[in-house]
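Peer 1: Generate coordinates for the entire structure from the input sequences, incorporating the hints supplied.
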Amino acid sequence: MFNLFLLQALNGVQFGILLFLVAAGLTLIFGVMDLINLAHGVLYMVGAYFVAAFTAATGDFFVGLAIALPAALAFGILLEVLIFRHLYDRDHLDQVLATFGLILILNEAVKIIWGAAPMSVPVPDALSGSIPLIGFLRYPVFRVAIIAAGLFTAVGLWLLVNHTRIGMLLRAGASNAPMVSALGVDIRRLFMVIFGLGAMLAAFAGAMIAPILSVEPGMGDQILILTFVVIVIGGVGSVRGAFVAAILVGLVDTLGRTFGPILLGQIMDASAASQTGRTIAPMLIYILMAAVLFFRPTGLFPARGAAA
Amino acid sequence: MSASEAAGRPVDQVQTPAKRGRLFGPGRRLAAIVIFAALALLPLVANLIGDPFLVVTATRIMVFALAALSLDLLIGFGAMVSFGHAAFLGIGAYAVAILASHGVEDILVQTVVAVAAASLFAFVTGAISLKTKGVYFIMITLAFGQMAYFFMVSLSAYGGDDGITLDRRSTLLGSRLLSDDIALFYALLAVLVLAYLGLTRLIGSRFGRVIRGTRENPARMQAIGFEPFRFQLTAYVIAGAIAAVAGVFLANQAEFVSPAYMSWQRSGELIVMVVVGGMGTLIGPVAGAIAFLLLEDWLAAFSEHWKLGLGVLLILLVLFGRGGLAGLARRLTGGGRA
Chain A
7 MFNLFLLQAL NGVQFGILLF LVAAGLTLIF GVMDLINLAH GVLYMVGAYF VAAFTAATGD
67 FFVGLAIALP AALAFGILLE VLIFRHLYDR DHLDQVLATF GLILILNEAV KIIWGAAPMS
127 VPVPDALSGS IPLIGFLRYP VFRVAIIAAG LFTAVGLWLL VNHTRIGMLL RAGASNAPMV
187 SALGVDIRRL FMVIFGLGAM LAAFAGAMIA PILSVEPGMG DQILILTFVV IVIGGVGSVR
247 GAFVAAILVG LVDTLGRTFG PILLGQIMDA SAASQTGRTI APMLIYILMA AVLFFRPTGL
307 FPARGAAA
Chain B
7 MSASEAAGRP VDQVQTPAKR GRLFGPGRRL AAIVIFAALA LLPLVANLIG DPFLVVTATR
67 IMVFALAALS LDLLIGFGAM VSFGHAAFLG IGAYAVAILA SHGVEDILVQ TVVAVAAASL
127 FAFVTGAISL KTKGVYFIMI TLAFGQMAYF FMVSLSAYGG DDGITLDRRS TLLGSRLLSD
187 DIALFYALLA VLVLAYLGLT RLIGSRFGRV IRGTRENPAR MQAIGFEPFR FQLTAYVIAG
247 AIAAVAGVFL ANQAEFVSPA YMSWQRSGEL IVMVVVGGMG TLIGPVAGAI AFLLLEDWLA
307 AFSEHWKLGL GVLLILLVLF GRGGLAGLAR RLTGGGRA
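Just so you know, the protein sequences line up as chains A and B, in that order. Heads up: the first sequence begins at 7 in my numbering, then just goes up one per residue. Heads up: the second sequence begins at 7 in my numbering, then just goes up one per residue.
It is worth saying that the hints were derived from the structure and are not from the lab. All C-beta atoms in this analysis are idealised placements derived from N, C-alpha and C, irrespective of residue type, glycine included. Heads up, a few of these hints could be off.
What the hints assert, rightly or not - Chain B is faced by these chain A residues, among others (derived, beta-carbon under 10 Å):
1) L41
2) I89
3) G107
4) L110
5) Q281
6) I293
Unchecked claim - Calculated Cβ distances over 10 Å to all of chain B for the following chain A residues:
7) I83
8) V147
9) S187
10) I231
As the list claims (entries may be wrong) - According to the in silico footprint, chain B covers these stretches of chain A (three or more CB under 8 Å from chain B):
11) 93-106
12) 114-123
13) 234-245
Peer 2: Okay, here's the thing in structure tokens:
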């Protein structure tokens, strides 16, 4: 039982890290530009497709990743210039519509380019196999690598946000963007940098998960909504909030699916417990979100109007 | 957040046509009469040109017209951009399927249960969602919609992901009247017209004025003694209940119910119908639903990748078009105060 718990907790953390990578960029885009971007999930999908295509072309996952990341950055900036730039001062409804349209376009575009069938990316040799945890318990190296890469990125982001000039502007922007602009900062360039960074982080998440998940059209839609839950819990515009909330959501979701039926089994018969557990478990994170909102309507770490 | 709003950062400055000019001018009433009359004559036309499938298509379109109409109450008049409206459509459809599987086949009973269930869901999720505004409200309604979706996906007793096929359509007071496509068509048309007239009255009433006033400026509404939250929540429940009725008809039209009815793309499409038609006009969303579904059919006939074209049109609409079909009609007829 403890072994199962440990394994599932690690899986939960790994899932949470992935959510954080997508949520970090999105929360900044929400917080600084006041832009609701439904298309952030498709950037995650694009990252997965890029790494799949470049890995297939070069035969090496790491080379593929090294090409995919700048490609995703460039793609993000291209989208910013073409579409998002024109949406910053529109109302939220316009933003919802345009980014919804962008989802339709990109989901269809990957189908046209790479086909509707799922693609798979082989786990690189250097990161295959598993490492021992305790006793007979082993854990796949690749999942450990995802956790490590995510934590590394989180530390990097923390340094960037809290200890660099651009991070200072970013925090100021999340707090009061018009004021930052009035003080003579080129806010358009700041927005472009943030958008590109967010796109690259989301693509990085997609690239890292590609070897253990099938790469398919629409894969970004599911993670998008989970990311919204993370951002709402963490507080719009707060990277720290996104990190805490992402790990929380990852753990609650993963552990709930495994242990919900087991815990319910204590109070009802096995088949009813597994049925009820399977029905309730996917709803847990939404209940968590509702509970957080009920007590703190602006999330755990609200950024706007206060220092992130 | 409210501090920054007061400091001149409005969260949702929705540009509705209703803001300008009179609310229900003769043009809009004429559009409603033309659309509903055309629909009423449609079965005759279908009969003349020998295409009975036209009635089936039109029934499906009216289902979404009814759902879009109810969403307009929220988006157009309340400035509440709800991204989870398809959940109510699904609740209505599942009320039919679940009751039918337990032997309750009367559409009146099914509708009452659907409305009750949707109202309860709207009351609970609305009470939580309306504590927030702006992007939070959009994301939370989306999340609650997804919650309902996943609940139905994992409810394997009623088909789970695969959905359930209905054995037959609902009965009306014991008769099998609705098994006839044309009877179902007229029953739905009657409901649609009633909903349109009812909502028109509602918007013009004191309640509607408070809702519209809250859209313009919640702080002032509060200052003159109204509590916006209660009015918004009531509107949220009403809109959810109407969408559930649309769901009852959707289940009967398709004779099949699946979680796909509640997917978030569906909610997005409903928003598109409202905006394309012209929000805050009530008849606009009906026209929007007709236009959207016809466009979908038309694009689908061209290519399997029709969604690409739809996406491009959407972005162009947002970047260059304003006011939706209603705005276009106004500009064309020269009655525009645009």
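Peer 1: Classify the hint on A:G107 as holds or violated, based on whether any CB of chain B lies nearer than 10 Å to its CB.
Peer 2: Holds: closest Cβ of chain B sits about 3 Å from A:G107, inside 10 Å.
Peer 1: Checking the smallest CB distance to chain B, is A:I83 really beyond 10 Å?
Peer 2: With a cut-off of 10 Å, A:I83 remains clear of chain B, as the shortest Cβ separation is near 18 Å.
Peer 1: Checking hints one by one. Is A:L41 an interface residue toward chain B, by the C-beta closer than 10 Å rule?
Peer 2: For A:L41, the interface hint holds, since the closest Cβ of chain B sits about 8 Å away, which is under 10 Å.
Peer 1: A closest beta-carbon separation below 10 Å is what the hint needs, so does A:I293 meet it against chain B?
Peer 2: Cβ of A:I293 sits 8 Å from chain B, so the hint holds.
Peer 1: For the region 93-106 of chain A, count the residues whose Cβ lies under 8 Å from any Cβ of chain B; is that count three or more?
Peer 2: Three-residue rule met by the region 93-106 of chain A, so holds; n is 10.
Peer 1: Count residues of the region 114-123 of chain A with a Cβ under 8 Å from any Cβ of chain B, then say if the count reaches three.
Peer 2: holds (count 4)
Peer 1: Hint validation: A:I89 versus chain B, beta carbon distance must be below 10 Å. Holds or violated?
Peer 2: 6 Å, holds
Peer 1: The output says A:I231 does not contact chain B. Does that hold with a beta carbon cutoff of 10 Å?
Peer 2: 5 Å, violated
Peer 1: Using C-beta distances, would you say chain B covers the region 234-245 of chain A, given that this needs three or more residues below 8 Å?
Peer 2: n = 5 at 8 Å, threshold three: holds.
Peer 1: Does the closest beta carbon of chain B sit nearer than 10 Å to the beta carbon of A:Q281?
Peer 2: This interface hint holds because 7 Å falls under the 10 Å limit.
Peer 1: Classify the hint on A:L110 as holds or violated, based on whether any CB of chain B lies nearer than 10 Å to its CB.
Peer 2: For A:L110, the interface hint holds, since the closest Cβ of chain B sits about 3 Å away, which is under 10 Å.
Peer 1: Please verify that the nearest CB of chain B lies beyond 10 Å from A:V147's CB.
Peer 2: Holds, because the least Cβ-Cβ distance between A:V147 and chain B comes to about 32 Å, which exceeds 10 Å.
Taken one by one, the earlier hints fail for this structure only at number 10.
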